[in-house]
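Full structure from sequences and hints, please.
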Amino acid sequence: MTQHKVLSKQDLLSLFEGKKSFISDIDSHKKALDYINANEFPTNKTEAWKNSNLNQLTKHKFCLPENKNENEVLEDTFAVFNMQPYKISIINGKYSPENSDLKLENSKIFIGSLKEAKEKHSDLFNKYYNKTESYKDNVFASLNTAFAEDGVFIYLPDNIVLEKPIHVLFFSNGREQKAFIQNRNLVVIGNNSFADILISYHSVSFDSVLTNVVSEVFLEENSNLNLNVFQGEGEGTFHINNTHFIQQKGSNLTTNSAIMCGEFVRNDLIVDLLGEYCNTSLNGFYLSEKEQHFDNYIKVNHLSANCNSNQLYKGILDNKSSASFFGKVFVARDSQKTDANQSNKNILLTDNAKVFSKPQLEIYADDVSCSHGSTTGQLDKEALFYLRSRGISERNAKTLMLYAFISDVINQINLTPYKELLYFLLNKRLKGDKIEGLCSIKICPSC
Amino acid sequence: MLKITNLRAEIDGKEILKGINLEVKPGEVHAIMGPNGSGKSTLASVLAGREIYKVTGGKIEFNGKNLLDLSPEERSREGIFLAFQYPIEIPGVSITNFMRAALDEHRKHKGLKPLSASEFLKFMKEKKALVELDAKLEGRAVNEGFSGGEKKKNEVFQMAMLEPLLSILDETDSGLDIDALKIVANGVNKLKTQQNASIVITHYQRLLDYIVPDIVHVLYNGKIVKTGGKELALQLEEQGYEDIKFKADKK
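Going line by line, the protein sequences match chains W and U. My numbering numbers the first residue of the first sequence as 291 and each following residue consecutively. My numbering numbers the first residue of the second sequence as 64 and each following residue consecutively.
Derived from the structure by calculation, the hints contain no laboratory data. Predicted, not measured: the structure shown is a model, and the values here were computed from it. All residues carry an ideal CB built from backbone N, CA and C; glycine is no exception. Treat the hints with care, as some may be off.
[Unchecked claim] Once the Cα atoms are required to be at most 30 Å apart in a straight line, the calculated BS3-like pairs of lysine-lysine come out as:
(1) U:K171 <-> U:K185
(2) W:K688 <-> U:K286
(3) W:K688 <-> U:K173
(4) U:K308 <-> W:K671
(5) U:K117 <-> U:K214
(6) U:K173 <-> W:K721
(7) W:K393 <-> W:K405
(8) U:K245 <-> W:K688
(9) U:K191 <-> W:K671
(10) U:K191 <-> U:K173
(11) U:K191 <-> U:K117
(12) W:K320 <-> W:K426
(13) W:K648 <-> W:K580
(14) U:K199 <-> W:K688
(15) W:K671 <-> U:K128
(16) U:K77 <-> W:K721
(17) W:K721 <-> U:K171
(18) U:K77 <-> W:K671
(19) U:K128 <-> U:K308
(20) W:K468 <-> W:K349
(21) U:K173 <-> W:K671
(22) W:K718 <-> U:K185
[Stated by the list, open to error] Not close to chain W: a few residues of chain U, all C-beta gaps over 10 Å, as computed:
(23) E73
(24) N160
(25) S181
(26) R203
(27) Q221
(28) A243
(29) G303
(30) E305
See below:
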């Protein structure tokens, strides 16, 4: 039998020797440590991770980032054309005021460093922080809970409609070393409030980085949140992301995830529908090539009646790349009138690309409407012939069809400047141009 | 314009076309009739370059070029157009984007600059009027959820956009009611010039009341067994294919 190399918990833990907790209080820190001691990193024997092999991580030795150039002002190349957002940047897990632009009209709104919020808004911090208990999801989430140093805190009090979107930029920088970077975020949208958020991940260099993010997002009653996540870290990046949403009565959540970069990406989205009449729409697309592996793991827990949830994930896989989609809808016994749909569609461009798709329903209520579907295939040859018979080259015909395939997902985004950017990047990518997470690329449609 | 010599083709090892000879000159309208399974649609597919059919012998010359050397897209740019019997649905691709991409490639092939957005829309509007294509359809995905009539109108609309030298109408009358048939035939007639030609493939004489052919061929068992003027179509309508089949089988 071949010896499976397993990601060593001790190696990663040793990085934090002598380090205390930065964000977590003593109790949360201890609970997370207990979890780490009692559990191992997921392997391909772990059900939730069986299609995502972490073995590649064992090839690298990670260090904590040094942050030599902490105050370096990064070239403003990730600005989304025409967006003019509130902008906050986190570099290697630490808030960078130099790269942020936060002029808030209302002093009750908070957008800033989580570490800072712990001091300044301890009441809010204590009310929400670690309340989703995501540290129990896996060792990565508990490592984050135990040792993350900073991240973003966004707080909208009740009855606020934020006119401008919020753009959160995370930069990872493994320039001198292979850095292990953690980000910890907390988002609270108050009763009847409304926000558009774009979170984008970028790397300043190509070297391998392991980014480990945990976000907790609370939607209070009748609030609205559109959350867009753009994964734009460079080639050698391992990105592990755990986002846990808690939705209260009448709240509306729309997420959109775009994954085009990185070597290994794992996105966990967990949604707990605690109140009635919530709407949840989780959308995403992934374009993988080479040996990239992208994994979306989604759980929507219908814990109340009269809620709707939708999942739409689409992927195009090239070369030897692979992807995994796991989507589960759980409907509790009293969650009557639940309406839940799941759809995962994939196009394989080569015989070597692989997709694992598993939409799942677990229903304990008897008056619900739930559906799920999954398709994986190649481009329709008849349709290709039809387009070619009108003079369109094979290559352009493929691009046209793939573009249309992904458009379904991008069309759901209501942040127009970002939507246009994604169309621009999609087109570039389908034409075979390189898109990387590097700062040197200006990503605005006009350039 | 088009010269087919002793063309043989097969699918999955089964020979369908068993030596076709056909010559089409500019300005002509040819009708190809024949019973089910005689090879009519195969001939149309082979002309358009559908790859599932394997050409095992013979030649197809189109304006001096060897058609069999060309890819489907090159054939289209050279001026061949196949109106599909069953037009394909292309989810998510709008007719406008589809035709824009096609026209750009046709113009590039001719050494012309692409039309500007406003020129293109103007051009498209003119062509749409020609086939009475509903304005609502242009924003929709190609053929997605179209009725049978809309699909066929959309085929003739594309033909109008691309201005082919040789158009092949494969059972364009199938699935059409009489009103839609008139509109489609009318569109085809309006597009006719002294420079272009058409091959109309059909089961029934009905379509030929509206698109009047110069020459009628009867295809049976992979071969053209009879050729005549437009009166041949009427004769077939009255007598059916039995007599022709009988004579051909006897040979």
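Going down the list of hints, with the structure as the test:
1. U:K171 <-> U:K185: Given pair U:K171, U:K185 holds - Cα atoms ~19 Å apart, limit 30 Å.
2. W:K688 <-> U:K286: 36 Å, violated
3. W:K688 <-> U:K173: Since the Cα atoms of W:K688 and U:K173 sit roughly 23 Å apart, the hinted pair holds (cutoff 30 Å).
4. U:K308 <-> W:K671: 35 Å, violated
5. U:K117 <-> U:K214: This hinted pair holds, its Cα atoms lying about 28 Å apart.
6. U:K173 <-> W:K721: 23 Å, holds
7. W:K393 <-> W:K405: Holds, at about 19 Å.
8. U:K245 <-> W:K688: 35 Å, violated
9. U:K191 <-> W:K671: 28 Å, holds
10. U:K191 <-> U:K173: 23 Å, holds
11. U:K191 <-> U:K117: Distance of about 36 Å is beyond 30 Å: violated.
12. W:K320 <-> W:K426: Distance ~12 Å between W:K320 and W:K426 Cα, so the pair holds.
13. W:K648 <-> W:K580: 23 Å, holds
14. U:K199 <-> W:K688: 26 Å, holds
15. W:K671 <-> U:K128: 26 Å, holds
16. U:K77 <-> W:K721: 39 Å, violated
17. W:K721 <-> U:K171: OK: W:K721 and U:K171 at ~18 Å, within 30 Å.
18. U:K77 <-> W:K671: Measuring from Cα to Cα gives roughly 21 Å; hence the hint holds.
19. U:K128 <-> U:K308: 34 Å, violated
20. W:K468 <-> W:K349: Measuring from Cα to Cα gives roughly 11 Å; hence the hint holds.
21. U:K173 <-> W:K671: 27 Å, holds
22. W:K718 <-> U:K185: 29 Å, holds
23. E73: At about 18 Å from chain W, U:E73 clears the 10 Å cut-off, so the statement holds.
24. N160: 7 Å, violated
25. S181: At roughly 20 Å from the nearest Cβ of chain W, U:S181 sits farther out than 10 Å, so the non-interface label holds.
26. R203: Check passes; 12 Å lies beyond 10 Å.
27. Q221: Nearest chain W Cβ is 6 Å from U:Q221, so the label is violated.
28. A243: 21 Å, holds
29. G303: Fine: 33 Å to the nearest Cβ keeps U:G303 off the interface.
30. E305: Holds, because the least Cβ-Cβ distance between U:E305 and chain W comes to about 34 Å, which exceeds 10 Å.
Hints 2, 4, 8, 11, 16, 19, 24 and 27, counting from the list given before, are not met by this structure.
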